[in-house]
Amino acid sequence: MLSELLTFDRIEIGQSLGIHESVIDQAALDRWRSVYGDDVGGNTDAAPPDMVSGIVMAAQLELTNPHPDGGLHAGQQYVLHRRPGIGDTLRTSSVPLSKEVRKGRRWVRMKTETRDQQDRLVYEAVLTIIWAA
Amino acid sequence: MPNELVPVSLKVTQARIDAYAEITGDPNPIHLDAAFAAKTEMGGIIAHGTLSMNLILRAMAETFGPDACDGAEMDIRFVKPVRVDDVVTASGTRDPETAGRYTVQVTNQAGEPVIVGWVRPAGAPA
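Going down the list, the protein sequences come from chains Y and X.
Last residue of the first sequence: 202 (the working numbering), numbering continuous.
Last residue of the second sequence: 162 (the working numbering), numbering continuous.
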């Protein structure tokens, strides 16, 4: 968690926001399935492919916390390298790639990278966000 | 490769939005607080965009199996807000101009696109 509110003006391009760590456990998979139902192809100990955003967004939001309320996501790019499973510890880093004011809106692009406990790439993402303030 | 992805639908209830906010640690009041949301440019509560986006990956998994998602790519834009109790459907069509890609969209119950973009399943030609 950051010490001060992460406003648009305080975002530093290229400056890492840190690393968020999370563990995949049965409870996490159960929570996900409570929203979407059973995994496509049947439930296993692996996180379903669609859980990528749940993992990346949780990390991204924590790494940018606190930030102004009311922001919006404009677009996202993902590469899914491998599905994590129960017992895996994931470390997600986030770095601001760019920011600009366009048509009165504050546009920010963030690059995230998620690796497992063996330092294998799990997910890569670029998140385009309209920053609230 | 099939010409179409298997469509996947979901009703975006407030209960699902609340649960998704808990999972992602996203307490943004634009998703949860009707009074706050009403004062924003959205004019009311909207669902997390990724709540609907995830259906695209489920459609890809339905079509090719979950293994085809290990190594897959996705690039999307959120083009219209999803409201409480909207029914959204993810679908996709093989892109005739870009090998291995599917043009994808998520539409609401009125057929309006809320998300547009593309995916490339793993193993598809680049």
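None of these hints come from the bench; they were simulated from the model.
Note that the coordinates shown come from a computational prediction; the quantities given were computed from them, not determined experimentally.
Using N, Cα and C, we set each Cβ at its ideal position, and we do this for glycine too.
There's no promise every hint is true.
Pairs of lysine-lysine, DSSO-like flavour, derived with a Cα cap of 30 Å [stated by the list, open to error]:
no., chain 1, residue 1, chain 2, residue 2
1, X, 116, Y, 168
2, Y, 180, Y, 168
3, X, 47, Y, 168
4, X, 75, X, 47
5, X, 47, X, 116
6, X, 47, Y, 172
7, X, 116, X, 75
8, Y, 180, X, 116
9, X, 75, Y, 168
Okay, the calculated bits of chain X under chain Y, using three or more residues with CB under 8 Å as the criterion [as the list claims (entries may be wrong)]:
no., segment
10, 58–67
11, 103–109
12, 112–124
13, 131–140
Here are some, though not all, of the chain Y residues that point toward chain X, as calculated from beta-carbon distances under 8 Å [claimed, not checked]:
no., residue
14, 74
15, 77
16, 80
17, 84
18, 105
19, 122
20, 123
21, 130
22, 135
23, 139
24, 143
25, 154
26, 156
27, 158
28, 176
These are the hints, each one checked on the structure:
Using a Cα cut-off of 30 Å, the hinted pair residue 116 (chain X) and residue 168 (chain Y) holds, with the two alpha carbons roughly 22 Å apart. For the hint linking residue 180 (chain Y) to residue 168 (chain Y), the alpha-carbon distance of about 12 Å falls within 30 Å, and the restraint holds. Proximity of residue 47 (chain X) to residue 168 (chain Y) is assessed by CA-CA distance (about 34 Å); at most 30 Å being required, the pair is judged violated. Between residue 75 (chain X) and residue 47 (chain X), the direct Cα distance comes to roughly 25 Å. Compliance with the 30 Å bound is thereby established for this hinted pair.
A C-alpha spacing of about 16 Å is found between residue 47 (chain X) and residue 116 (chain X), which places the hinted pair at or below 30 Å, so the restraint holds. A hinted pair counts as satisfied when its Cα atoms are at most 30 Å apart, and residue 47 (chain X) with residue 172 (chain Y) does not qualify at roughly 33 Å. The straight-line distance between the Cα atoms of residue 116 (chain X) and residue 75 (chain X) is roughly 18 Å, inside the 30 Å bound, and the hint therefore holds. For the proposed pair residue 180 (chain Y) and residue 116 (chain X), the alpha carbon gap of about 23 Å is at most 30 Å, so the pair holds.
A distance of roughly 26 Å separates the Cα atoms of residue 75 (chain X) and residue 168 (chain Y); the hinted pair therefore holds under the 30 Å criterion. Check on the segment 58–67 of chain X: 8 of its residues sit with their Cβ under 8 Å from a Cβ of chain Y, so the three-residue criterion for coverage holds. Taking a C-beta to C-beta cut-off of 8 Å, the segment 103–109 of chain X contributes 5 residues in contact with chain Y, enough for the three needed, and the coverage statement holds. Proximity of the segment 112–124 of chain X to chain Y, defined as three or more residues with a beta carbon under 8 Å from a beta carbon of that chain, is established by the 3 residues found.
Interface restraint, the segment 131–140 of chain X with chain Y: violated (0 residues with C-beta to C-beta distance below 8 Å; minimum three). Against a cut-off of 8 Å between C-beta atoms, the interface hint on residue 74 (chain Y) is violated, since the closest Cβ of chain X lies about 14 Å away. A hinted interface residue such as residue 77 (chain Y) counts as satisfied when its beta carbon comes closer than 8 Å to some beta carbon of chain X; here the least separation is about 16 Å, so the hint is violated. At its closest, the beta carbon of residue 80 (chain Y) sits 17 Å from a beta carbon of chain X; the interface hint therefore is violated under the 8 Å criterion.
Checking residue 84 (chain Y) against chain X: minimum C-beta separation of about 22 Å lies over 8 Å; hint violated. Residue-level restraint check for residue 105 (chain Y) holds (minimum Cβ-Cβ distance to chain X is 7 Å; threshold 8 Å). Here the hint on residue 122 (chain Y) is kept, as its CB sits about 4 Å from the closest CB of chain X, short of 8 Å. Hint status for residue 123 (chain Y): holds, given a least beta-carbon distance of 5 Å to chain X, under 8 Å.
Checking residue 130 (chain Y) against chain X by beta carbon gives a least distance of about 5 Å; that is within 8 Å, so the hint holds. Because the closest C-beta pair between residue 135 (chain Y) and chain X is about 11 Å apart, greater than 8 Å, the hint is violated. The criterion of a C-beta within 8 Å of any C-beta in chain X is met by residue 139 (chain Y), whose closest approach is roughly 6 Å, and the hint holds. Taken as an interface hint, residue 143 (chain Y) checks out: its beta carbon lies about 6 Å from the nearest beta carbon of chain X, inside 8 Å.
Because the closest C-beta pair between residue 154 (chain Y) and chain X is about 12 Å apart, greater than 8 Å, the hint is violated. Annotation: interface hint on residue 156 (chain Y) violated; nearest CB of chain X at approximately 18 Å, more than 8 Å. Interface restraint check for residue 158 (chain Y): the shortest CB-CB distance to chain X comes to about 17 Å, outside 8 Å, so the restraint is violated. Restraint check, residue 176 (chain Y) versus chain X: the minimum CB separation of about 13 Å is more than 8 Å; hint violated.
Of the hints listed earlier, those the structure fails to meet are numbers 3, 6, 13, 14, 15, 16, 17, 22, 25, 26, 27 and 28, in rising order.
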